[in-house]
Amino acid sequence: MASIIIQTGERQGDFYPLGQRTTIVGRDEALTVQVKDPHVSRKHLKISYDPETKDYMASDMSSTNGVLINGGKIQVETTLADDDLITIGLTTLLFTLRDFDNAKSALHHLKQIGERTRITMYPKKML
Numbered sequence: 089m090a091s092i093i094i095q096t097g098e099r100q101g102d103f104y105p106l107g108q109r110t111t112i113v114g115r116d117e118a119l120t121v122q123v124k125d126p127h128v129s130r131k132h133l134k135i136s137y138d139p140e141t142k143d144y145m146a147s148d149m150s151s152t153n154g155v156l157i158n159g160g161k162i163q164v165e166t167t168l169a170d171d172d173l174i175t176i177g178l179t180t181l182l183f184t185l186r187d188f189d190n191a192k193s194a195l196h197h198l199k200q201i202g203e204r205t206r207i208t209m210y211p212k213k214m215l
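Per our numbering, the sequence shown starts with residue 89, numbered consecutively.
Read the hints as simulated data drawn from the structure, not as lab findings.
For glycine and all other residues, C-beta sits at the position ideal for the given N, C-alpha and C.
Please note that the accuracy of each hint is not assured.
With a straight-line Cα cutoff of 20 Å, these simulated PhoX-like cross-link-like pairs (lysine-lysine) come out [what the hints assert, rightly or not]:
| id | residue 1 | residue 2 |
| --- | --- | --- |
| 1 | K161 | K134 |
| 2 | K142 | K131 |
| 3 | K142 | K161 |
Cβ-Cβ distance ranges computed for the label pairs, FRET-style [unchecked claim]:
| id | residue 1 | residue 2 | range |
| --- | --- | --- | --- |
| 4 | A169 | P139 | 29 to 37 Å |
| 5 | S150 | R186 | 23 to 31 Å |
| 6 | T96 | E140 | 15 to 23 Å |
| 7 | G101 | S136 | 22 to 30 Å |
| 8 | G160 | A118 | 28 to 36 Å |
| 9 | L185 | S147 | 15 to 23 Å |
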């Protein structure tokens with residue numbers, strides 16, 4: 089099955105197995121995946137599983153600040169791919185098709201993804 093790992097923010101490193109159910113992500117403390125970020129709506133993001141296609145789908149739950157997948161804002165339900173980065177508010181989640189036995193293995197995967205991401209530095213414009 090798939091998982092999401094919180095990549096940035098107060099709960100960085102937390103991981104959540106998704107299973108074959110619908111998962112709601114937001115600021116509401118009653119949610120399974122709570123993100124404590126003032127820019128995240130109470131119910132911000134829905135991740136659902138389609139048993140026919142075996143795909144995981146992400147949709148914005150009419151949030152104030154929207155949902156970005158790999159930097160692009162989604163307008164409609166969108167199919168997630170392995171290692172997609174989902175941004176809600178100032179928090180980034182890593183979606184992976186992997187399932188983890190424990191937090192240590194999830195953090196190891198998160199670290200490997202981080203090592204593949206390189207920040208490009210651009211020189212300041214000369215005036």
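Report task. Take a look at whether the Cβ-Cβ distance between S150 and R186 falls inside 23 to 31 Å. Result -> At roughly 30 Å between Cβ atoms, R186 and S150 fall inside 23 to 31 Å, so the hint holds.
Query - Pairwise hint evaluation, K134 against K161, where the allowed Cα distance is 20 Å at most - result: holds, 14 Å
Report task. Determine whether the Cβ-Cβ distance between L185 and S147 falls within the hinted range of 15 to 23 Å. Result -> Holds: the Cβ-Cβ distance is about 18 Å, inside 15 to 23 Å.
Query raised in the report: Quick one, are K142 and K161 close enough, alpha carbons at most 20 Å?
Result: violated, 23 Å
Requested in this report: Would you check the hint for K142 and K131, treating anything up to 20 Å between C-alpha atoms as holding?
Outcome: violated, 24 Å
Requested in this report: Could you say whether the range 15 to 23 Å given as a hint is met by the Cβ separation of T96 and E140?
Outcome: Because 33 Å falls outside the window, the suggested range is violated.
Query raised in the report: Regarding A169 and P139, is the given constraint of 29 to 37 Å on their beta-carbon distance met?
Result: violated, 18 Å
Query raised in the report: Between G101 and S136, does the beta-carbon spacing fit 22 to 30 Å?
Result: holds, 24 Å
Query - 28 to 36 Å as the expected CB spacing between A118 and G160, which holds or is violated - result: Distance hint for G160, A118 holds at roughly 30 Å.
Consistency with the previously given hints fails for numbers 2, 3, 4, 6, ordered from lowest to highest.
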